[in-house]
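Engineer: Sequence:
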Amino acid sequence: MSLIELKNIEFTYRGATNQALKDISLTIEPGEFVGIIGPTGAGKSTLCWVISGVIPQIIQGKLAGTSTVKGLSTRKTPVAEISQIIGLVQQDAEAQLLMTDIEKEIAFPLENLRLPPEEIAKRLNYVLDLVNLGSERLRHPFYLSGGQKQRVAVAAALAMEPEILILDEATSELDPIGAEEVHNLARSLKNQGKTIIMVEHNIDELAKVADRIVVMDQGNVLMDAPIRDALSNVDFLQNLGIYPPQVSQTAYALKKMGMSIDHMPITIEEGLKIFTEFKQHA
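Last residue of the sequence shown: number 303 in my numbering, and the count goes up by one each step with no gaps.
Heads up, some of the hints might be wrong.
As the list claims (entries may be wrong) - The list that follows gives simulated cross-link-like pairs (lysine-lysine, DSS-like), each with its CA atoms no further than 25 Å apart:
(1) 215 with 229
(2) 83 with 28
(3) 211 with 143
(4) 97 with 83
(5) 91 with 211
(6) 83 with 43
(7) 91 with 215
(8) 229 with 276
(9) 28 with 97
(10) 229 with 211
(11) 125 with 143
These aren't lab readings, by the way, just hints derived from the structure by calculation.
With the hints as extra help, turn the sequences into a complete structure.
Structural biologist: So this is what it looks like as structure tokens:
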């Protein structure tokens with residue numbers, strides 16, 4: 022059994038007439054980094070909420086199909102229990118931060134689990150070091166930068182020691198520096214073997230770290246493929262208003278002009294290598 026399994030998932034929000042998700046089936050294995058992309062309204066956040074149990078337990082509507090995490094039904098297993106398996110970080114970090122300092126923010130859910138004080142202190146120190154906020158632990162979240170707030174939200178999720186981390190457009194409201202902080206953290210977590218699902222508009226960053234890309238539009242999964250295969254479909258993505266990395270677009274344009282490119286580049290480093298070789302043989 023896969024770590025995450027969705028079978029024939031369909032969902033309609035209460036009061037809505039159009040389906041937000043339409044017959045979606047997918048699996049995610051331990052240690053995978055899966056990027057989810059698509060235009061606004063594609064159903065990306067809705068999919069994340071189904072996986073995490075937020076739908077239908079908190080956000081209600083008409084849900085069909087099955088969704089399991091580690092064999093547990095996300096429809097029936099309490100969200101509090103699922104949150105020990107899945108950490109969910111959304112785009113508005115400030116709305117997720119409620120306490121008067123970072124330390125309390127991270128410790129609060131652990132106290133609700135009635136963990137021993139020494140275990141709470143151990144987890145607190147670990148995640149603060151992981152997100153590089155150990156020296157800021159007594160600061161009020163209000164005074165942090167956007168990137169720091171998102172790192173606190175990630176730390177609070179990781180303190181629960183989940184096997185899976187969902188980053189749902191966690192960089193969309195950040196400036197480039199804050200976004201880079203979150204992307205660096207995501208890369209670090211991947212290197213530690215964490216299973217990560219990331220909804221992200223910055224395709225260049227996903228190209229550096231994701232194993233797979235799920236492309237969504239109007240509640241449908243249009244593509245689920247290894248990242249290189251997905252980003253090589255330049256025309257397909259552009260027709261959806263999704264733009265692959267600039268280096269991929271450039272290579273694709275050159276290929277259409279007759280240049281022989283067997284290995285579509287998806288990072289700048291790969292592009293430089295291909296274009297340098299082409300120049301040497303020109």
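Engineer: Now tell me, hint by hint, if it's right for this structure.
Structural biologist: Verification of the hints:
no.: 1; hint: 215 with 229; verdict: holds, 16 Å
no.: 2; hint: 83 with 28; verdict: holds, 15 Å
no.: 3; hint: 211 with 143; verdict: holds, 22 Å
no.: 4; hint: 97 with 83; verdict: holds, 15 Å
no.: 5; hint: 91 with 211; verdict: holds, 19 Å
no.: 6; hint: 83 with 43; verdict: holds, 12 Å
no.: 7; hint: 91 with 215; verdict: holds, 15 Å
no.: 8; hint: 229 with 276; verdict: holds, 22 Å
no.: 9; hint: 28 with 97; verdict: holds, 16 Å
no.: 10; hint: 229 with 211; verdict: holds, 11 Å
no.: 11; hint: 125 with 143; verdict: holds, 14 Å
Of the numbered hints stated above, none is contradicted by the structure.
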